[in-house]
Each structure stands twice: as structure tokens, then as C-alpha cells.
Amino acid sequence: GQNIDQPTEMTATEGAIVQINCTYQTSGFNGLFWYQQHAGEAPTFLSYNVLDGLEEKGRFSSFLSRSKGYSYLLLKELQMKDSASYLCAVRGGGQNFVFGPGTRLSVLP
Amino acid sequence: ETGVTQSPTHLIKTRGQQVTLRCSSQSGHNTVSWYQQALGQGPQFIFQYYREEENGRGNFPPRFSGLQFPNYSSELNVNALELDDSALYLCASSLEPAGGEADTQYFGPGTRLTVL
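Residue numbers (my numbering), protein chains in the order written: chain W, 1 to 109; chain L, 110 to 225.
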């Protein structure tokens, strides 16, 4: 079967750093994607990992360990606008993406 | 903006009715995937269309069907609507088989379907 786990909710303070974890078990692996989704809006692409290690994009970084079936999204210098759901998605052996349930992040002043 | 458009934005139907949702893919993309997202959950894969043919299907009954047209736009049809079909329906376009980060799926704004 295919399964992706993420924490349901997280809270952090403006200016802080937060790490959102994702563990996965899928049939095959062809990349892991992170998306941000504000309430009532479509998911927007944040980052992509296919090899082990850290990918950095400005305030956002994403890490992958294929042997552990584990990824995290790191958000630095949190801003109020970062309050959103963060979705981890794995492209397995087929053509489709499998999405996790999402982590709802609340950034407090 | 991803360049992916969907219509309508919102829709209200009653149980047993049929509905058609539409999606126009981003310019240059040849693949459209459809997802159902219930409130507070992640998107669930319905099916994908590549060059006008179904190219993978999730765990949805046959009353969920689709089409892709020569211009790569797509339709999602749902027959015999049930209350549990109430959700946000998202389409995502991509370029296949691009490989790597180019496989990224870009989402439209979604259609909010309410079944009463």
C-alpha cells in the first residue's frame, strides 16, 4: 500500500524556524514534492527532492532521506503569511502523486 | 498564477444528479490529473489523462469518469451524485514524461461542489 504521514497541526511564532516532517511508504519512488495551500485556495508548488540531501530555496528548505522514507520542510524567519497547510506528495512508481493529509501551520505574532 | 483554469468555481447539486467540471491546462502541458479534496484532508487522486487517454486511476468508482481533448483540456464527470461527493475538485497539469522537477503538477483554483 501507499501511505504518507504528517503531523496534523503545528504552531510557531513569527520570526522563528519550524520543521514539518513527512514519512512515506510508497510503491516506487520518483520524487517528493512539497506544496503550500492557503485556506480555500489551490496548492502551490514549493520544492522538489529526488536525491538524498537538502534543497534550499530562500526561506524554505526541504530534506530527503530515501532509505528512511523521510522528508522535512524547514521554514525560516516565519511570517504571518506562512500560515497555511503544507502538503507532502510522493510520485511513486506510477504516474500519479500520493498526497499526505497536510500539516496546518499557524504562525502567531 | 499557474495558468491552469477551472470552471465553474462553485456548484450546488442534489443527490442523484450528474455534474461536469472543466479544466484548461497550462500552455505546453500535455497531462491533466484530477483530485478530490475533502475539508481538512489532502487531495485524493481520481485519475490522470495523458494524450487523451486515461493513464492511471485512484480508488474511485466508475461513476467518476473523464475526458481529455486534443487541446489537452479535460472534463471530470460524476454521475449519481452522493452527499459524500461534496468536496473541492482540483485539476493539475504537467508535462509528461518530463522527468525530475519538470514532473511538477501545477494546480488550478478548484471547483467547490456541494451536494444536497
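Among these hints, one or two may not hold up.
Anything over 12 Å on all C-beta distances counts as not near chain W; from chain L, calculated [what the hints assert, rightly or not]: (1) Ile155; (2) Ser174; (3) Ser182; (4) Asn186; (5) Leu190.
Per the computed footprint, the stretches of chain L lying under chain W, defined by three or more beta-carbons under 8 Å from a beta-carbon of chain W, are [said to hold, decoys possible]: (6) 125-136; (7) 214-220.
The hints are simulated quantities; they were obtained by calculation from the structure and are not laboratory data. For clarity, every value in this text was computed on a predicted model and none was experimentally measured. Glycine included, every Cβ here is placed at the ideal spot set by N, Cα and C.
Outcome of the hint check:
Annotated as non-interface, Ile155/L brings its C-beta within 12 Å of a C-beta of chain W; the closest such distance is 9 Å. No beta-carbon of chain W comes within 12 Å of the beta-carbon of Ser174/L; the shortest separation is about 17 Å. With a least beta-carbon separation of about 17 Å from chain W, Ser182/L lies farther than 12 Å from that chain, consistent with its non-interface assignment. For Asn186/L, the requirement that its beta carbon stay farther than 12 Å from each beta carbon of chain W is met, with the minimum near 19 Å.
For Leu190/L, the non-interface assignment is confirmed: its Cβ lies about 22 Å from the closest Cβ of chain W, beyond the 12 Å cut-off. With 0 residues having a Cβ less than 8 Å from any Cβ of chain W, the segment 125-136 of chain L misses the three-residue criterion, and the hint is violated. Under a criterion of three residues with beta carbons nearer than 8 Å to beta carbons of chain W, the stated coverage of the segment 214-220 of chain L is upheld, 6 such residues being counted.
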